[in-house]
Structure formats: structure tokens, C-alpha cells
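Residue numbers (the working numbering), protein chains in the order written: chain A, 1 to 146; chain B, 1 to 126.
Treat the hints with care, since some could be wrong.
[Claimed, not checked] Which chain A residues stay away from chain B? Per the calculated CB distances, all over 10 Å, these:
| hint | residue |
| --- | --- |
| 1 | E47 |
| 2 | G142 |
| 3 | L146 |
[Said to hold, decoys possible] Stretch-level coverage of chain B by chain A, calculated; a stretch enters the list once three of its residues show a Cβ under 8 Å from a Cβ in chain A:
| hint | segment |
| --- | --- |
| 4 | 40-52 |
| 5 | 84-98 |
[Said to hold, decoys possible] One-sided excerpt, in silico: chain A residues whose CB lies under 10 Å from chain B:
| hint | residue |
| --- | --- |
| 6 | E74 |
| 7 | Y77 |
| 8 | A78 |
| 9 | P80 |
| 10 | T82 |
| 11 | A120 |
Hints listed in this document are in silico derivations from the structure and should not be mistaken for laboratory results. Here the structure is a predicted model, which is why all the values come from computation and not from measurement. For glycine and all other residues, C-beta sits at the position ideal for the given N, C-alpha and C.
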Amino acid sequence: MTETYDDVGAQQACLAAEHAAVYVYGVIGGRIAGLRAPADVVERVDESYEFHRGRRDFLDQAIRDLGADPVAAEPAYALPVTPASLRQCQRLARYVENRCTQTYAYAVSLASPQTRGRLALDLAATAVRAAAWGARLDAFPGRPDL
Amino acid sequence: MVATAATGSDRDIVVAALTSEQATLASYAALSRTHPAARKRIAPLIGVQRQHVAALAAALQLDSPPPAPTAAEPVRPLGSAVPDLARRAARDRLADCRAVASGSVASTLASMAASHSVVVAEWTPA
């Protein structure tokens with residue numbers, strides 16, 4: 001059986017997830033400033049925001065390089081929890097990383113072998129980030145169907 | 001469990017991955033035996049390895065996994081042994097992910113690699 005791959009579709013899905021992650025970390029960053037959060041948490045929020053911005057920009061360019069129009073960010077995203085406390089900020093960060101992990105796992109299944117290695121690395125990076133925000137060790141990050 | 005069957009040349013890669021995950025399982029079990037104080041911390045890693053082995057056996061459509069390797073690695077200090085094993089497994093599953101033709105099998109292997117990467121990142125010497 002011949003496999004068919006969709007590098008544009010795979011990366012568009014990841015770009016959409018990264019737009020959402022950048023938005024959510026922006027919300028968390030704004031909220032956490034008033035919560036007297038420990039320095040390591042503030043640092044992790046800042047670093048996570050920069051990581052997802054970097055992935056967003058990379059994917060945007062990679063999609064353009066394939067001759068497609070990158071998916072645009074939504075004006076706003078519905079949040080599953082209002083980050084009113086430090087714990088809720090951490091929960092929201094864990095949620096967004098888990099969503100990214102699932103998207104990257106899906107994207108790996110769509111992408112060509114040439115593209116999927118990078119997506120698999122980002123799958124691992126978001127799984128590690130989710131764990132840093134308190135996610136439990138999972139045998140199959142991003143694959144709740146397994 | 002949903003595991004896509006590995007066919008064609010993917011099958012050889014998945015067989016090798018299964019052997020590798022079984023070896024990692026045997027090594028974690030050996031570490032648990034030789035470092036009883038860390039048994040509770042190693043138990044979740046063994047649980048994860050068992051799930052990896054089961055998923056790969058399912059992808060090969062085996063009724064049960066083949067016998068695990070009996071010769072585990074020599075006992076090493078716990079602090080470095082766990083991250084070393086996990087780092088190597090992450091690297092190998094990532095290479096497998098790049099090598100297979102099936103996107104679904106690739107996603108399973110990438111997810112396993114991510115799981116090993118979490119162990120590398122989260123494991124701290126007691």
C-alpha cells in the first residue's frame with residue numbers, strides 16, 4: 001500500500017495549535033504578574049511563551065515555503081478555565097501543552113518522513129513541558145487512543 | 001487498545017523497536033531489584049515500558065509479546081542509569097519514527113519517544 005502524506009495539512013494543524021498556545025501564555029503571563037508567583041514559575045511561563053512563538057514563526061514560514069497560505073490566528077480563544085489563581089494558571093498551561101502534544105502526534109501521522117522528524121521533536125518538547133506543569137508520566141503522550 | 005498493524009518493511013522496524021523496548025523494560029526491572037529504595041520511583045517507568053511492549057506487539061498482531069531478554073545491562077548507579085536508558089530509547093524511537101512508511105505507526109513511535117524524553121527531563125537523583 002502506498003502511503004500518502006500531507007505536509008501542509010500537518011503543519012497547518014500545528015500552526016493553529018501554536019497560535020492558541022501563544023495566546024494562552026499571553027493570558028497567563030498577564031495574570032501571573034499580579035499573583036506574586038515564584039520566580040521559577042514566571043521564568044517557565046516566559047520561556048514557554050518564547051518557545052511557542054518560535055514554533056509558530058517557524059511553521060508559518062515552513063508553510064509559505066510549501067506554497068500555501070498559513071492559517072491565521074483567531075482574535076481570541078475560549079479558555080477551559082479562568083486563570084484566577086496560580087494553580088489555575090498552571091492547570092491552563094498544562095492543558096495547552098497537552099493540546100499541542102495531541103496536535104503534534106496527529107501531525108506526525110499526516111506528515112512525510114522528511115517532515116515528521118521535526119514534528120516528533122516538537123511532540124516530545126510539548127510533552128516535557130506538560131510534565132513540567134504537572135502532567136503525570138504517560139506511556140503515549142498525545143495519543144489518548146492508545 | 002488501538003494499534004495500527006505494521007506491514008511491509010515497517011514490520012522489521014517495529015520488531016526491532018519491540019526488542020529494544022523489552023530490553024529497556026528488563027533494565028528498569030533490574031534497577032528496581034538492585035536499588036530497592038527506589039522501587040516506588042521506578043515502578044511507573046516499568047508500567048510505561050509494559051504499555052510500549054504491548055502496543056508494539058499489537059502492531060505486529062502478536063497474541064502476546066515474545067519472551068523478554070533475560071540478560072539485562074550490568075548494574076549501574078541509579079542516578080545516571082535511568083536517564084541514560086531513557087535517552088537512548090527516545091533517540092532510537094525517533095529514528096524508527098523517521099524510518100517507517102506508515103504515518104500511524106510513526107505517530108505511535110513518536111509518542112513513545114516523547115514518553116522517554118519526559119523520563120529524561122523529570123528524573124532526578126534521589
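Verification of the supplied hints:
no. : hint  : verdict
1   : E47   : holds, 14 Å
2   : G142  : violated, 5 Å
3   : L146  : violated, 6 Å
4   : 40-52 : holds (count 6)
5   : 84-98 : holds (count 4)
6   : E74   : violated, 26 Å
7   : Y77   : violated, 24 Å
8   : A78   : violated, 26 Å
9   : P80   : violated, 22 Å
10  : T82   : violated, 28 Å
11  : A120  : holds, 4 Å
Comparing the model with each numbered hint stated earlier shows that hints 2, 3, 6, 7, 8, 9 and 10 do not hold.
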